[in-house]
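**Student:** From first to last, the protein sequence lines stand for chains A and B.
Read in the working numbering, the first sequence has 22 at position 22, and its numbers run on one by one without any break.
Read in the working numbering, the second sequence has 132 at position 132, and its numbers run on one by one without any break.
No wet-lab data here; the hints were simulated from the structure.
One thing to keep in mind: the hints can contain errors.
If we take Cβ atoms under 7 Å as the criterion, some of the chain B residues that face chain A in the derived model are [as the list claims (entries may be wrong)]:
| id | residue |
| --- | --- |
| 1 | R36 |
| 2 | G128 |
| 3 | V129 |
| 4 | N163 |
| 5 | A176 |
| 6 | L183 |
| 7 | V185 |
| 8 | Q255 |
| 9 | G270 |
| 10 | V273 |
| 11 | A277 |
| 12 | L279 |
Glycine is no exception: its CB is placed at the ideal position from the N, C-alpha and C atoms.
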Amino acid sequence: MSIKKLGPEELLALDKFSVNEGHPHILVDKAICATCTPQVCLVVCPARCYRLKDNAVNFEYAGCLECGTCRVMCVEKGVTQWNYPGATFGVTFRIS
Amino acid sequence: MADDKYDAIIVGAGPAGSACAYTLAKQGKNILLLERGNAPGGKNVSGGRLYTYALEQLEPGMYKRAPLHRKIIREQIMLLNARGATTIDYHNPAFGDGVPQSYSVVRAELDEWFAGEVESHGGTVASGVLVDDLLIENDKVAGIRSGSDEMRADIVVAADGVNSLLGQKAGLFPDATAHTVGLGVKETIELPDDVINARFGVKSDEGVARVAIGCTDGISGGAFLYTNKGSVSLGIVFNLVEAGRQKRQVQDIFQDFKMHPAVLPLLEGGTSVEYGAHLVPELGYEGIPKRLHREGFLVVGDAAKFGINTGMIIRGMDLAIVSGLAAGQAILKATKPADAGELYMKQLEESLLMANERAYKNFHNIFDISRIFNTYPALANDALQFLYTVDGKVPKPMLSGLYGVVKKNATLGQLAADGWKAFRSL
Numbered sequence: 001m002s003i004k005k006l007g008p009e010e011l012l013a014l015d016k017f018s019v020n021e022g023h024p025h026i027l028v029d030k031a032i033c034a035t036c037t038p039q040v041c042l043v044v045c046p047a048r049c050y051r052l053k054d055n056a057v058n059f060e061y062a063g064c065l066e067c068g069t070c071r072v073m074c075v076e077k078g079v080t081q082w083n084y085p086g087a088t089f090g091v092t093f094r095i096s
Numbered sequence: 001m002a003d004d005k006y007d008a009i010i011v012g013a014g015p016a017g018s019a020c021a022y023t024l025a026k027q028g029k030n031i032l033l034l035e036r037g038n039a040p041g042g043k044n045v046s047g048g049r050l051y052t053y054a055l056e057q058l059e060p061g062m063y064k065r066a067p068l069h070r071k072i073i074r075e076q077i078m079l080l081n082a083r084g085a086t087t088i089d090y091h092n093p094a095f096g097d098g099v100p101q102s103y104s105v106v107r108a109e110l111d112e113w114f115a116g117e118v119e120s121h122g123g124t125v126a127s128g129v130l131v132d133d134l135l136i137e138n139d140k141v142a143g144i145r146s147g148s149d150e151m152r153a154d155i156v157v158a159a160d161g162v163n164s165l166l167g168q169k170a171g172l173f174p175d176a177t178a179h180t181v182g183l184g185v186k187e188t189i190e191l192p193d194d195v196i197n198a199r200f201g202v203k204s205d206e207g208v209a210r211v212a213i214g215c216t217d218g219i220s221g222g223a224f225l226y227t228n229k230g231s232v233s234l235g236i237v238f239n240l241v242e243a244g245r246q247k248r249q250v251q252d253i254f255q256d257f258k259m260h261p262a263v264l265p266l267l268e269g270g271t272s273v274e275y276g277a278h279l280v281p282e283l284g285y286e287g288i289p290k291r292l293h294r295e296g297f298l299v300v301g302d303a304a305k306f307g308i309n310t311g312m313i314i315r316g317m318d319l320a321i322v323s324g325l326a327a328g329q330a331i332l333k334a335t336k337p338a339d340a341g342e343l344y345m346k347q348l349e350e351s352l353l354m355a356n357e358r359a360y361k362n363f364h365n366i367f368d369i370s371r372i373f374n375t376y377p378a379l380a381n382d383a384l385q386f387l388y389t390v391d392g393k394v395p396k397p398m399l400s401g402l403y404g405v406v407k408k409n410a411t412l413g414q415l416a417a418d419g420w421k422a423f424r425s426l
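The shape of chain A in the complex, shown without the other chains (with noise of 0.2 Å):
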């Protein structure tokens, strides 16, 4: 493989994720992220797992690397549940 710029599915597939399927460690409230103007979480969340969908943001936990830029970035506290995932679960870095 060359270096190329990688997409954001790319990007998520070089790590290794154990997902707690039904199980989300963060919760968003989708009404709220409605009347919410500057959803920062679309550009700032480095995994993208915010994203616009039929024009609202969608939050999908299974990429997560688990970082905590939602937590300390949501305007609006649409982010009304931010923990670790459960233990084995999430993400697993082997060489960073």
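Let chain A serve as the given structure and place chain B on it in line with the hints.
**Tutor:** Using the frame of chain A, we list chain B on its own:
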């Protein structure tokens, strides 16, 4: 056994937690070191440079056992504009003499080794354990809760990282806010060692640390590149408040930096193997919470927001180790657990950690000078382009040419204002 009461429970097996646990285990204390990752290091991302003195403080010669990568003997600063770059290269082999000043590291290896050192002195390390809450009894922290398990100790040490949920649960500080942290993103790229040696002009045990500005779309922040054994770490740290004010995704800004014509040749032929992100304490001394302890509870490392960033020197892991050591020493000295907090604050002073933080107290104000991240790197490249261009036409007189370069990028008033602000921050 769940009923056992430990002398100390340390939450988080990063450098701070392991340094604390090591200090205590070595003196025969009955300690439990908890890590939420499947193995220590599994949740951690850092740029990747450790200043060796911290391990030397913990135990002279310990660094020789550590899985350190390359000793950093070349320090480089890269100023980028859209197409080119000006790189300052400070090559000092003396940084590798004796006890080398610093090494590139990979956290998955370093943290696992460090926790293993704790185990070798009889400490108990349990990975895959997420601490959900603190046990608080009679206004004292008495232990932790993980799922339905409760574990008790004379003292709990929160080494739970920059997001320190435990420090918050203990009521020591409020939820972190965006201006106190930066966002680091990083790609690890495998490259053969002989390629790294040739490309960066180092021997096989030597390495380069490079920082770069002018690659963040004007957002306060900078990039880094560290040479490891068999890989390079490439990343950017962004000021989050400014990143949130603009419209480009931070991933895109980072990927464009990777593909920059002056950066890509350093990586060509490599293989991207991992992508990570992590928050970093951004404010130095001013970001450290006023309260780092309560009865039965101490906060160390990133959780205490220890960090120093001068743009040229970026320190976190060394301060984490020194603070973990300070906490361990305080616990050992305390004749009763209630004394540990004040003793910890004293140890932080005696270890010179706080003096180091204070020495750079105002430094973060420099990063409010927005032109550092766009205008000045461009100016440097324009100036060198003017000085190096030979095209057969009549060259402008040197001084007026350079003045033209300055005027194209900034006004003299801006230069004066920024110079004054920088001067006042030093």
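**Student:** Using 7 Å as the Cβ threshold, decide whether B:G128 counts as touching chain A.
**Tutor:** holds (5 Å)
**Student:** Would you check whether B:V129 satisfies its interface hint, that is, whether its CB is within less than 7 Å of any CB in chain A?
**Tutor:** Nearest chain A Cβ about 6 Å off; hint holds.
**Student:** Do the numbers back the hint for B:L183, that is, is its least Cβ distance to chain A under 7 Å?
**Tutor:** holds (5 Å)
**Student:** Holds or violated: is there a CB of chain A closer than 7 Å to the CB of B:V273?
**Tutor:** With a closest approach of 6 Å, the B:V273 hint holds.
**Student:** Can B:Q255 be said to touch chain A, with a Cβ gap under 7 Å?
**Tutor:** holds (5 Å)
**Student:** Have a go at the B:R36 hint: is there a Cβ in chain A nearer than 7 Å to its own Cβ?
**Tutor:** Since chain A brings a Cβ to about 6 Å from B:R36, closer than 7 Å, the hint holds.
**Student:** Using the nearest Cβ pair, does B:A176 come within less than 7 Å of chain A?
**Tutor:** holds (5 Å)
**Student:** Hint check: is the beta carbon of B:A277 less than 7 Å from a beta carbon of chain A?
**Tutor:** holds (4 Å)
**Student:** Regarding the hint that B:N163 lies at the interface with chain A, is the smallest CB-CB distance below 7 Å?
**Tutor:** Result: holds, 4 Å to nearest chain A Cβ.
**Student:** Can the hint on B:L279 be confirmed by a CB-to-CB distance to chain A that is less than 7 Å?
**Tutor:** holds (5 Å)
**Student:** May I ask you to test the interface hint for B:V185 with respect to chain A, counting a Cβ-Cβ separation under 7 Å as satisfied?
**Tutor:** Since chain A brings a Cβ to about 5 Å from B:V185, closer than 7 Å, the hint holds.
**Student:** Is the interface hint for B:G270 satisfied, with its Cβ closer than 7 Å to some Cβ of chain A?
**Tutor:** holds (6 Å)
Violated hints for the displayed structure: none, as all numbered hints are satisfied.
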